[in-house]
Amino acid sequence: MSFLFGRARSRANTADLVKQARDHVTKLEGPQGPAKAEELAKVLSQMKQILQGTHDSEPNTDQIYQLVTSMIDEDLLYLLAVHLHQLPFESRKDTQVIFSYVFRFRPPTGPQKPEPLALAYVVEHRPQVLIALCRGYDHKESATPAGTVLREVLKNEAAAAIILYDDGDEPGSSSRGIGGIDPDRPQSGRGVFWSFFDWIDKSSFEVSADAFTTFRELITKHKDLVPRYLAVNFELFFERYNRVLVQSNSYVTKRQSIKLLGEILLDRSNYNIMTAYVDRGEHLKICMNLLRDDRKMVQYEGFHVFKVFVANPHKSVPVQKILIMNREKLLQFLSHFLEDRTEDEQFIDEREFLIKQIRNLPPAPVPPQPR
Amino acid sequence: MADDGIVNRYQVLEELGRGSFGVVYKGIDKVTGETVAIKHIDLESSEDDIQEIQQEISVLSTCASSYVTQYKASFLRGHKLWIVMEYLGGGSCLDLLKSGNFNEVQIAIICRELLLGLDYLHSEGKIHRDIKAANVLLSETGKVKLADFGVAAQLTYMKSQRNTFVGTPFWMAPEVIQQAGYDFKADVWSLGITAIELALGEPPHANMHPMKVLFHIPKSPPPRLEGKFSKEFKDFVAQCLVKDPDHRPAARDLLKHRFIRSAGKVEALQELIQRKRMADARADHVKHPVYYQETLHTISPRDEADEWVFDTIKSVAPPPPPPREQRRGTIRSSNVRRPSASIHVVDDALRKLDLKEAPLGQPGTPPTVRRATMLRQPSSAATGRQDSVRRRRSNGASHSPRPSQTPASASAAAAAAAAAAAPKRPLQPDMSFGNSGSTMRLFRRVPSDGSDHGRFRSASQSSSCEFADENQPPSRSPSASSFYAHAAPPVEPNSKEALLGRRLYTRALGPCLDELHAQTAASSKRDALARVSDALAYLDAVDPEGAYHLMRSLVSALGQDHKLSAAFLPQHQQPSSPPGGNAHGRNPSASSAISSARPDYSEGYSLAAGSGTVLIRSPSASRPSTATATSSSTTLAGTPPTPSKMLRRGSLAPPEHHEQQLLQQQQRDRERDKERERERERERERERERERERERLESCFPGRPAQPGMEHCKALSDLLYARWTDGLRARWGVLTNS
Numbered sequence: 001m002s003f004l005f006g007r008a009r010s011r012a013n014t015a016d017l018v019k020q021a022r023d024h025v026t027k028l029e030g031p032q033g034p035a036k037a038e039e040l041a042k043v044l045s046q047m048k049q050i051l052q053g054t055h056d057s058e059p060n061t062d063q064i065y066q067l068v069t070s071m072i073d074e075d076l077l078y079l080l081a082v083h084l085h086q087l088p089f090e091s092r093k094d095t096q097v098i099f100s101y102v103f104r105f106r107p108p109t110g111p112q113k114p115e116p117l118a119l120a121y122v123v124e125h126r127p128q129v130l131i132a133l134c135r136g137y138d139h140k141e142s143a144t145p146a147g148t149v150l151r152e153v154l155k156n157e158a159a160a161a162i163i164l165y166d167d168g169d170e171p172g173s174s175s176r177g178i179g180g181i182d183p184d185r186p187q188s189g190r191g192v193f194w195s196f197f198d199w200i201d202k203s204s205f206e207v208s209a210d211a212f213t214t215f216r217e218l219i220t221k222h223k224d225l226v227p228r229y230l231a232v233n234f235e236l237f238f239e240r241y242n243r244v245l246v247q248s249n250s251y252v253t254k255r256q257s258i259k260l261l262g263e264i265l266l267d268r269s270n271y272n273i274m275t276a277y278v279d280r281g282e283h284l285k286i287c288m289n290l291l292r293d294d295r296k297m298v299q300y301e302g303f304h305v306f307k308v309f310v311a312n313p314h315k316s317v318p319v320q321k322i323l324i325m326n327r328e329k330l331l332q333f334l335s336h337f338l339e340d341r342t343e344d345e346q347f348i349d350e351r352e353f354l355i356k357q358i359r360n361l362p363p364a365p366v367p368p369q370p371r
Numbered sequence: 001m002a003d004d005g006i007v008n009r010y011q012v013l014e015e016l017g018r019g020s021f022g023v024v025y026k027g028i029d030k031v032t033g034e035t036v037a038i039k040h041i042d043l044e045s046s047e048d049d050i051q052e053i054q055q056e057i058s059v060l061s062t063c064a065s066s067y068v069t070q071y072k073a074s075f076l077r078g079h080k081l082w083i084v085m086e087y088l089g090g091g092s093c094l095d096l097l098k099s100g101n102f103n104e105v106q107i108a109i110i111c112r113e114l115l116l117g118l119d120y121l122h123s124e125g126k127i128h129r130d131i132k133a134a135n136v137l138l139s140e141t142g143k144v145k146l147a148d149f150g151v152a153a154q155l156t157y158m159k160s161q162r163n164t165f166v167g168t169p170f171w172m173a174p175e176v177i178q179q180a181g182y183d184f185k186a187d188v189w190s191l192g193i194t195a196i197e198l199a200l201g202e203p204p205h206a207n208m209h210p211m212k213v214l215f216h217i218p219k220s221p222p223p224r225l226e227g228k229f230s231k232e233f234k235d236f237v238a239q240c241l242v243k244d245p246d247h248r249p250a251a252r253d254l255l256k257h258r259f260i261r262s263a264g265k266v267e268a269l270q271e272l273i274q275r276k277r278m279a280d281a282r283a284d285h286v287k288h289p290v291y292y293q294e295t296l297h298t299i300s301p302r303d304e305a306d307e308w309v310f311d312t313i314k315s316v317a318p319p320p321p322p323p324r325e326q327r328r329g330t331i332r333s334s335n336v337r338r339p340s341a342s343i344h345v346v347d348d349a350l351r352k353l354d355l356k357e358a359p360l361g362q363p364g365t366p367p368t369v370r371r372a373t374m375l376r377q378p379s380s381a382a383t384g385r386q387d388s389v390r391r392r393r394s395n396g397a398s399h400s401p402r403p404s405q406t407p408a409s410a411s412a413a414a415a416a417a418a419a420a421a422a423p424k425r426p427l428q429p430d431m432s433f434g435n436s437g438s439t440m441r442l443f444r445r446v447p448s449d450g451s452d453h454g455r456f457r458s459a460s461q462s463s464s465c466e467f468a469d470e471n472q473p474p475s476r477s478p479s480a481s482s483f484y485a486h487a488a489p490p491v492e493p494n495s496k497e498a499l500l501g502r503r504l505y506t507r508a509l510g511p512c513l514d515e516l517h518a519q520t521a522a523s524s525k526r527d528a529l530a531r532v533s534d535a536l537a538y539l540d541a542v543d544p545e546g547a548y549h550l551m552r553s554l555v556s557a558l559g560q561d562h563k564l565s566a567a568f569l570p571q572h573q574q575p576s577s578p579p580g581g582n583a584h585g586r587n588p589s590a591s592s593a594i595s596s597a598r599p600d601y602s603e604g605y606s607l608a609a610g611s612g613t614v615l616i617r618s619p620s621a622s623r624p625s626t627a628t629a630t631s632s633s634t635t636l637a638g639t640p641p642t643p644s645k646m647l648r649r650g651s652l653a654p655p656e657h658h659e660q661q662l663l664q665q666q667q668r669d670r671e672r673d674k675e676r677e678r679e680r681e682r683e684r685e686r687e688r689e690r691e692r693e694r695e696r697l698e699s700c701f702p703g704r705p706a707q708p709g710m711e712h713c714k715a716l717s718d719l720l721y722a723r724w725t726d727g728l729r730a731r732w733g734v735l736t737n738s
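Just so you know, the sequences run in chain order A and B. Just so you know, the UniProt record's numbering puts 297 at position 297 of the first sequence, and the rest follows in order with no gaps. Just so you know, the UniProt record's numbering puts 173 at position 173 of the second sequence, and the rest follows in order with no gaps.
Derived by calculation from the structure, the hints in this document are not laboratory data. No experiment lies behind these values; they were computed from the predicted model shown. Take these hints with a grain of salt, some might be off.
Once the Cα atoms are required to be at most 27 Å apart in a straight line, the calculated DSSO-like pairs of lysine-lysine come out as [said to hold, decoys possible]: (1) A:Lys140 / B:Lys26; (2) B:Lys525 / A:Lys202; (3) B:Lys72 / A:Lys140; (4) A:Lys140 / B:Lys30; (5) A:Lys42 / A:Lys202; (6) A:Lys140 / B:Lys80; (7) A:Lys202 / B:Lys80.
My request is simple: use the sequences and hints to build the entire structure.
Here it is, written out as structure tokens:
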């Protein structure tokens with residue numbers, strides 16, 4: 001075998017490298033698994049070198065082009081994503097680097113697409129690569145490298161759409177590529193996007209925190225895609241968000257997701273989502289209970305969601321009802337709410353504003369004027 | 001949760017050290033029997049993004065090198081994050097420096113190991129960004145390892161550069177300070193500074209103010225190693241400290257340097273550890289190990305009356321949504337009670353439960369059990385670290401700048417004693433073993449609860465009571481005011497006036513008196529001032545409301561007298577002059593660090609001042625220059641998240657006058673004479689500023705008539721308030737149209 005490597009290294013036959021990698025990766029689960037993993041590690045590190053260049057040599061664009069196209073031909077991206085958690089420590093990092101470079105590579109000549117070459121192929125013909133990368137969160141070993149690749153890729157709107165609209169074999173799912181997506185069909189809730197809720201809530205801290213970071217990127221980056229998605233899947237999304245994330249037993253998940261909720265609601269592009277959200281009485285209830293959490297940072301993050309309800313000039317009847325019923329309690333409560341936060345002037349101002357708003361509520365709910 | 005199993009895997013033993021990020025314990029992995037270091041980070045006391053902590057962990061967890069402290073695991077326990085790391089029994093190089101400087105042979109070994117570590121990190125696309133003796137740990141056998149990845153950066157593009165301003169001033173490379181974009185070479189510079197630190201005991205310019213150093217490093221020629229050292233060593237340092245990063249060799253190249261090639265084996269470093277142990281043994285203080293104790297977290301049962309009332313009265317309510325309500329009940333079985341019958345029960349118990357149980361604004365306050373332990377033996381473990389710091393600094397203390405923390409409100413004697421007792425360099429945190437923690441957060445967390453809190457803490461430290469409750473009303477000169485403290489119990493402020501009174505004291509009176517005291521030289525005058533300060537502290541403790549009324553009538557009396565109001569209140573009509581920005585912000589005589597620092601702030605940088613590693617955030621898209629009145633409305637009404645989040649997290653970008661206060665405080669001792677006049681001017685202006693702000697705040701309470709002579713303020717604050725609410729309304733309106 002060793003002469004083979006020698007040849008590969010000296011001639012740098014990139015297509016061969018890819019074939020070897022494919023060969024090894026498919027046998028990882030077999031009886032020769034450990035040996036194959038070792039050989040694969042060598043191949044991957046050579047591939048990384050081709051993409052990165054070395055200390056002495058700049059990367060060669062032709063070689064990279066060849067590498068990228070043969071990875072596409074051999075479906076190596078998918079195989080690597082699926083087997084990521086089985087690779088040795090260093091190879092997982094190498095694979096992460098390889099993915100990052102491959103997904104960024106644009107051929108210097110020829111027609112340019114909005115997406116880089118490999119990414120365009122994946123979103124159009126092989127969305128399973130991205131799905132498999134998400135599934136990297138199933139394993140502690142692959143969570144960080146897969147997450148790092150995902151966050152880079154998700155800056156691309158098409159890639160984000162693939163993940164949001166994945167819905168197995170349902171019609172309109174992204175599984176047949178970006179062109180097959182039907183954005184107006186409500187999701188079943190079984191697609192890969194919905195698994196993020198479980199990864200965030202149920203995994204160990206490292207996996208959970210990484211998955212949350214990716215989730216946040218997915219939800220906040222794309223100002224056209226996400227509002228539309230949330231509008232169609234409003235019930236499903238917020239029911240799950242509130243049940244799994246906001247009420248999570250994990251302190252970090254709870255606090256982070258309340259904060260993210262505030263960010264989602266206050267994002268200008270989500271205006272319609274926000275108005276729909278703050279009309280719901282049960283959303284306000286969840287939020288008011290957060291104000292009474294035992295942990296002050298949870299209270300604080302909860303406050304920044306609560307203020308949206310109170311500051312809303314068109315409060316719905318259920319929301320007014322709750323606020324009016326609790327008016328005295330709220331006034332009493334808010335006047336002492338987080339009162340040690342004396343340095344946070346903006347918070348104090350906002351708290352005063354809310355007190356004033358609540359004090360000036362009408363004695364009984366008044367239906368809001370049509371907007 | 002998934003973390004449950006792993007929690008029980010580790011047995012936590014004694015404390016190794018603590019910093020504002022949390023506590024480091026020694027521990028044992030019950031499965032392997034291995035000794036580990038366990039860092040507990042209290043996430044409740046951390047304002048900043050948990051994401052940043054996660055960033056540190058992800059950088060750590062992808063490192064596998066014998067030159068880097070090995071990360072083992074991390075998991076959550078309640079709101080504490082435990083990070084399990086390899087245990088290194090030798091301590092940090094800064095610790096070891098306390099028993100004497102290192103010789104050249106030792107430094108060569110350490111530098112070689114560090115270069116190997118850096119070469120590894122750099123080849124992985126990581127920049128450490130905070131290389132210094134405090135972050136270099138030794139194992140018992142002398143192995144050298146890089147620690148503290150609190151500010152490390154991961155580059156995803158191999159050739160990309162960073163622009164973030166991060167590190168610790170004395171060790172920072174010029175290109176980092178200038179934010180010109182930097183890469184791995186920045187670590188090489190810091191290594192050169194560290195080599196000097198190991199040889200001389202402190203980095204170059206150590207007697208300079210850290211803020212000033214920031215301006216000094218890029219301007220002046222690179223530091224050189226002077227003294228009786230070999231040519232090779234001097235040349236090695238000079239190679240590291242090439243100002244142009246393009247001409248500075250990489251870590252890999254430096255491994256070929258003669259100084260490094262001739263370095264010996266790491267076992268030789270065991271000598272250093274032995275020496276430290278001998279020194280510790282000679283020192284007469286006995287170390288009492290502090291053992292970890294589980295915090296008993298009892299959640300007091302809540303009354304049904306405490307809960308919000310959601311759906312009792314059907315007559316008021318349109319049909320409630322019962323099915324979901326049912327489900328909520330099962331999910332949140334702990335907290336949600338069925339609604340009670342009584343609606344308008346206003347309960348004091350509620351308030352007590354919610355606020356006393358979660359005392360706020362005191363980051364880093366250890367759980368109750370621990371604190372009790374420390375209080376009982378304040379002289380040993382708690383001060384041991386200070387002792388050693390003191391010893392190390394004793395020779396430098398005479399010329400090193402007086403720390404900002406000097407508790408000036410104390411009586412003269414106490415102040416002098418305190419100044420001698422806490423000669424910590426500003427921006428140089430307690431760096432004994434384990435405390436090197438995560439310097440980035442350390443740095444940002446300290447000031448987040450306000451500069452005056454920081455002073456309280458150090459004041460209580462000087463009275464050798466490190467873990468005093470910061471929540472208690474500030475009776476700050478322990479010797480003198482202990483009389484008062486016994487005389488009457490402090491009260492909790494519970495009215496608007498009392499809250500403002502307390503705020504008046506903590507924000508205005510206290511700091512002002514501190515400053516004035518620091519500026520006063522004559523001991524009799526200092527004494528008099530100290531008495532005033534004590535009296536005011538006492539008043540604040542027992543009757544903050546009284547303090548409020550005193551100030552109110554003072555101000556209105558001033559307003560009624562023409563001359564006095566001209567002298568003290570001339571700028572009341574200027575609503576939004578940036579705090580402190582006129583007199584000195586762009587003063588031509590801006591040779592002092594502080595005035596040259598100022599323009600940076602006004603351009604929208606937020607410098608979190610404090611001690612340790614600096615992190616300056618890049619300017620957010622828009623930083624409203626007018627007062628909070630406008631910024632509040634933007635946040636409430638939903639601007640794009642980036643700027644509003646920056647604003648919302650007030651502590652991430654502390655209000656400018658806090659930084660200013662702190663900086664000035666630090667600056668003052670050296671610049672005293674030059675600055676005094678301007679200082680007082682600023683001082684007065686700040687007071688006016690606070691006064692205005694208070695007025696505005698008050699005007700939010702409806703129905704408050706204007707005090708005689710204060711009509712103009714009332715008008716102004718009404719105007720501001722109206723503008724705020726209008727802005728809010730306008731914002732929502734705009735959104736409706738879009």
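Going down the list of hints, with the structure as the test:
1. Taking the CA atoms of A:Lys140 and B:Lys26, the gap is near 26 Å; set against the 27 Å cutoff, the hint holds.
2. For the proposed pair B:Lys525 and A:Lys202, the alpha carbon gap of about 64 Å is over 27 Å, so the pair is violated.
3. Between B:Lys72 and A:Lys140, the direct Cα distance comes to roughly 13 Å. Compliance with the 27 Å bound is thereby established for this hinted pair.
4. This hinted pair checks out: A:Lys140 and B:Lys30 have alpha carbons roughly 21 Å apart, not beyond 27 Å.
5. A distance of roughly 35 Å separates the Cα atoms of A:Lys42 and A:Lys202; the hinted pair therefore is violated under the 27 Å criterion.
6. Note on A:Lys140 and B:Lys80: the hinted pairing holds, with a Cα-Cα distance of about 21 Å set against a maximum of 27 Å.
7. For the given pair, A:Lys202 sits about 17 Å from B:Lys80 by alpha-carbon distance, which is consistent with the 27 Å threshold.
Hint check: violations occur at hints 2, 5; the rest are consistent with the structure.
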